Amino acid sequence: QKEVEQDPGPLSVPEGAIVSLNCTYSNSAFQYFMWYRQYSRKGPELLMYTYSSGNKEDGRFTAQVDKSSKYISLFIRDSQPSDSATYLCAMSASNFGNEKLTFGTGTRLTIIP
Amino acid sequence: ETGVTQTPRHLVMGMTNKKSLKCEQHLGHNAMYWYKQSAKKPLELMFVYSLEERVENNSVPSRFSPECPNSSHLFLHLHTLQPEDSALYLCASSQDPAGTGDSPLHFGNGTRLTVT
Chain F
2 QKEVEQDPGP LSVPEGAIVS LNCTYSNSAF QYFMWYRQYS RKGPELLMYT YSSGNKEDGR
62 FTAQVDKSSK YISLFIRDSQ PSDSATYLCA MSASNFGNEK LTFGTGTRLT IIP
Chain S
13 ETGVTQTPRH LVMGMTNKKS LKCEQHLGHN AMYWYKQSAK KPLELMFVYS LEERVENNSV
73 PSRFSPECPN SSHLFLHLHT LQPEDSALYL CASSQDPAGT GDSPLHFGNG TRLTVT
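For the record, the sequence lines run as chains F and S.
If you count the first sequence from 1, you need to add 1 to reach this note's numbering.
If you count the second sequence from 1, you need to add 12 to reach this note's numbering.
Since the hints were made in silico from the structure, they are not lab data.
These figures come from a predicted structure and were not determined experimentally.
For every residue, glycine included, the Cβ atom is placed at its ideal position computed from N, Cα and C.
Among these hints, one or two may not hold up.
In the PhoX-like style, the derived pairs of lysine-lysine whose C-alpha atoms are separated by at most 25 Å in a straight line are [claimed, not checked]:
hint : chain 1 : residue 1 : chain 2 : residue 2
1    : F       : Lys-101   : S       : Lys-53
2    : F       : Lys-71    : F       : Lys-101
3    : S       : Lys-53    : F       : Lys-71
4    : S       : Lys-52    : F       : Lys-71
5    : F       : Lys-43    : F       : Lys-101
6    : S       : Lys-34    : S       : Lys-53
7    : F       : Lys-101   : S       : Lys-34
8    : S       : Lys-31    : F       : Lys-43
9    : F       : Lys-101   : F       : Lys-3
10   : F       : Lys-101   : S       : Lys-52
11   : F       : Lys-57    : F       : Lys-71
12   : F       : Lys-3     : F       : Lys-71
13   : S       : Lys-52    : F       : Lys-43
14   : F       : Lys-43    : S       : Lys-53
15   : F       : Lys-3     : S       : Lys-53
16   : S       : Lys-34    : F       : Lys-43
17   : S       : Lys-53    : F       : Lys-68
18   : F       : Lys-3     : F       : Lys-68
19   : F       : Lys-68    : F       : Lys-101
20   : F       : Lys-57    : F       : Lys-68
21   : F       : Lys-3     : S       : Lys-52
22   : F       : Lys-57    : F       : Lys-101
Derived, one-sided and incomplete: chain F residues facing chain S with beta-carbon distance under 10 Å [to be verified]:
hint : residue
23   : Lys-3
24   : Gln-7
25   : Glu-46
26   : Leu-89
27   : Gly-105
28   : Thr-106
Hey, can you work out the whole structure from these sequences and the hints?
Take a look at the structure:
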């Protein structure tokens, strides 16, 4: 079993739709959860960061963590063509030292105008 | 220049060639990383340097040789590569080696490597 599972897509939705991106994981020690966005021919950039369980909202983006189910989600409201990118989840058990991040494979998202 | 810059953007090399990838960060960070990104696979951490000392070597074959001469520069020296080494090689930096939300990774745009 992979440590982090993420549906690679591709996922295509019409402009204005609500998008739900998800990752599941097996390591119950993970406490720090991140979403990175990667545009074509660019490096990933941090989009959202949450610690432990709960929700975090930033504009049209909401990150949700359910540690009991080992499941994290990223919701995008009022999706725009500029949201078309690959979204990578990443997680870690520690916030310091040499604890490395574990990434998902990424979900490729296209918003259709 | 701002952020993390990588050169070259594209590289095609034969299996017997020797080449180097270069990364420079302009963020004043203390940690630098090499990642490998292959299609439909998670990002693979290859090497981590903290304050110019290697702190992680993730069982990477010896045909990949990193060098960190100072906290702003990172190189990946390549020799006798295999076709399966073709991938996007990403450099990243962070304030400290954790790379988590309080000290996130800042990635360059990568070098697309093709081994023929």
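Here is what the structure says about each hint:
| no. | hint | result |
| --- | --- | --- |
| 1 | F:Lys-101 / S:Lys-53 | holds, 17 Å |
| 2 | F:Lys-71 / F:Lys-101 | holds, 19 Å |
| 3 | S:Lys-53 / F:Lys-71 | holds, 20 Å |
| 4 | S:Lys-52 / F:Lys-71 | holds, 22 Å |
| 5 | F:Lys-43 / F:Lys-101 | holds, 22 Å |
| 6 | S:Lys-34 / S:Lys-53 | holds, 23 Å |
| 7 | F:Lys-101 / S:Lys-34 | holds, 22 Å |
| 8 | S:Lys-31 / F:Lys-43 | holds, 22 Å |
| 9 | F:Lys-101 / F:Lys-3 | holds, 16 Å |
| 10 | F:Lys-101 / S:Lys-52 | holds, 20 Å |
| 11 | F:Lys-57 / F:Lys-71 | holds, 17 Å |
| 12 | F:Lys-3 / F:Lys-71 | holds, 13 Å |
| 13 | S:Lys-52 / F:Lys-43 | holds, 17 Å |
| 14 | F:Lys-43 / S:Lys-53 | holds, 17 Å |
| 15 | F:Lys-3 / S:Lys-53 | holds, 11 Å |
| 16 | S:Lys-34 / F:Lys-43 | holds, 16 Å |
| 17 | S:Lys-53 / F:Lys-68 | holds, 24 Å |
| 18 | F:Lys-3 / F:Lys-68 | holds, 17 Å |
| 19 | F:Lys-68 / F:Lys-101 | holds, 19 Å |
| 20 | F:Lys-57 / F:Lys-68 | holds, 14 Å |
| 21 | F:Lys-3 / S:Lys-52 | holds, 13 Å |
| 22 | F:Lys-57 / F:Lys-101 | holds, 23 Å |
| 23 | Lys-3 | holds, 8 Å |
| 24 | Gln-7 | holds, 8 Å |
| 25 | Glu-46 | holds, 7 Å |
| 26 | Leu-89 | holds, 7 Å |
| 27 | Gly-105 | holds, 6 Å |
| 28 | Thr-106 | holds, 5 Å |
Violated hints are absent here; each numbered hint is respected by the structure.
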